[in-house]
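> Sequence:
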Amino acid sequence: MLWIALALALLQIIAGSAELRGRAFVPVRPLAVAQGALTIGAFGLLIWLFARSDMSVELVARNSHSAKPMLYKISGAWGNHEGSMLLWLSILGVAGAGVALFERRLNARTLAATLVAQAGLALGFFAFLLFVSNPFTRLVPAAAEGQGLNPLLQDPGLAFHPPTLYFGYVCLSVAFSFAVGALITGDIGPAFARAMRPWVLGSWIFLTLGITAGSYWAYYELGWGGWWFWDPVENASLMPWLAATALLHSVSVTATRDALRAWTVMLAVVAFSMSMVGTFIVRSGLLTSVHAFAVDPERGSFILALLAIYIGGALTLFGLRVGSMAEGKHFALLSREGALVVNNLLLSVILVVVLVGTLSPIVAEAMGSQISVGPPYFNPWTGMFALPLVAVMAVGPLLRWRKDDGGRLRRWAPILLGIMAAAIVALALLAPEMRLLPMLGLALSVAVAVLSFVPLVGRNLRRTPLPVYGMVIAHFGIAVALAGMATESSFIKERLIAVAVGESTTVGEWRVTLSDIKPVVGPNWTALEGVLLVQRGGSSIWPFPLASERGEPHIMRPQARAFTQPPTETNEAALLTTWDGQLYAVMGQSAGDNRWQLRLWWKPLVWWIWAGGGLIALGGLLALIGRINPLHLWRRWLARREKRKYPNGRYAA
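Numbering (my numbering), first residue to last: 2 to 654.
Keep in mind the hints are simulated off the structure, nothing from the lab.
Small disclaimer: the values here were computed from a predicted structure and weren't measured.
Check before you lean on any hint, since a few could be wrong.
As the list claims (entries may be wrong) - Restraint-style ranges between C-beta atoms, simulated for each label pair:
no.	residue 1	residue 2	range
1	M2	V343	42 to 50 Å
2	P31	L131	20 to 28 Å
3	P376	V353	42 to 50 Å
4	M2	V364	36 to 44 Å
5	P70	S361	21 to 29 Å
6	E495	W580	16 to 24 Å
7	D517	T579	22 to 30 Å
8	R496	P466	49 to 57 Å
9	L308	M71	32 to 40 Å
10	L223	A128	29 to 37 Å
11	S373	S591	26 to 34 Å
Ideal Cβ positions, reconstructed from N, Cα and C, are used throughout, including at glycine.
Based on the provided sequences and hints, a complete structural model is requested.
As structure tokens, then:
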């Protein structure tokens, strides 16, 4: 099936190129649809092989086990290098089929060029899979039993996190193909941007959900208590999100105001470039991470070659066309377009900071040196530009399009500054040890939370378009997430101690008692489970004391698990969530003398980080629904079907 799909991709390139020259001999749309169907069919077969534990397939034998629960058998299909790349290619094929089936706004030549670019992307990944990463390689003789899936990946989050991220990455490939197609034909304007915008918005939603889910998975599964560690593979997902955020705002301006044309095309290339860089980092074998697939250098070299061909070719085409590209309509610096340009510049700077910090250790190691780049570099440098970015985001919706006289901004600026000043004074008095950057972040989050609802002031709420509600909810979600980040980093409490059964300890305002230690047996693991009785002496977001909380103690059950296939020991954290934070407990090994290691954290408002991520994605979803009315699309499809069936009208004589 993959070989036939590869042939169809090649034929799609030939047919689309012929259509560009006015010599069409095969319709290009059906080729894209057939290619997508074959690719998704191949991935369905791989899932079936994993579900039935077919150990005659090398990939199944290396990444599954007959005793695994069915959920982890199925998710094992993409919990490895070859399977994840087939998932990538399957989504790429489905996306290309979606463009071929539903896109009717572009002229025929630009659409043909777009499908040629999409087939070119698919062709490279087909070659990568079939020649150096074939997921269907057979074992002769078949293995008696499989080696099992990495226990750290045996979590429901794995069934959600990678596919979500891949949908985000691949939607960026569609935006890239639209940009290349428009560059080839010179058709860069509002119609091109309106065709691209739903794909960019969909990519941004999936990337937001994937990053949020991945952060929470690492937080509770790895047992180290952090929600972001600036791991290179974490950064590999963050960089496309930063570029996609800039692209989303830019393509909206091009679609509605016919401005920022060059920005839109360039950011489409950069966003897909970042997804390719992330793919190279994860699959090059240059680093070892629980998220990464450390493979042989041949595969990394192949991906690097694809990166050079695709991105180098697109940048060359952009350089050749940019001189003849129309600028679009002009706007004043003090306008909503001007605020979006400032936001894009700040996002680009943050992207460069993350990219340099991610690649520096890899480059240094290649040159024979060893350096470590972590939070001491990323936190201050990204924070330095992220706070102005959030401030501009908050005031941008107050400005008018094209040109603004600053009247509305002058009315709301004192409120914004007053809220921030009051919050900073309160924090300085009640928490003098709080660092400057988190203090400014927390104060700004309060102001952004208020200003995010200003676009609804004076509107008829029943007639307000969904994209406006989406913007409001997404901006409020950023305020919620920022408040969680600032509060957790400033007021976190940690305790590492060895206790015997019956002994108690404290962390923050929580009293924790080790009540019991007992063995537990799971479907494919055994564990020692600690039974913790926890009780709070006072309910508060430190340093703001509220009424004390008494009553029955809560029970937490952290585990130290041992897997047999493959032999691995893991820690299963226990979480107790309250409205103002989370208590986080990890069970360690025996410390001798009937004492057990116990690591505890009290994390104020930490769950607000993921709640904010969910609100951001919800805002994007509302905006997408507002831009793509499903009922309107259904009616339009029925109308086209009616026209094909009765060209002269149903009741024509």
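> For each hint, tell me whether it holds in the structure or not.
Evaluated hints:
A C-beta distance of roughly 49 Å is found between M2 and V343, which places it inside the suggested range of 42 to 50 Å. Against the hinted window of 20 to 28 Å, the Cβ-Cβ separation of P31 and L131 comes to about 23 Å, which satisfies the hint. For P376 and V353, the Cβ-Cβ distance of about 18 Å falls outside the hinted range of 42 to 50 Å, so the restraint is violated. Look at M2 against V364: about 40 Å separates their beta carbons, and that is inside 36 to 44 Å.
With their beta carbons about 41 Å apart, P70 and S361 fall outside the hinted range of 21 to 29 Å. Separation of E495 from W580 is about 21 Å and conforms to the stated range, judged on CB atoms against 16 to 24 Å. For the pair D517 and T579, the supplied restraint of 22 to 30 Å holds, since their beta-carbon distance comes to about 24 Å. Taking 49 to 57 Å as the suggested C-beta distance range, the pair R496 and P466 conforms, at roughly 50 Å.
In this structure, L308 and M71 meet the distance hint of 32 to 40 Å, their C-beta atoms being roughly 37 Å apart. In this structure the hint that L223 and A128 lie 29 to 37 Å apart at CB holds, the actual value being about 35 Å. The hinted range of 26 to 34 Å is satisfied by S373 and S591, whose Cβ atoms lie roughly 32 Å apart.
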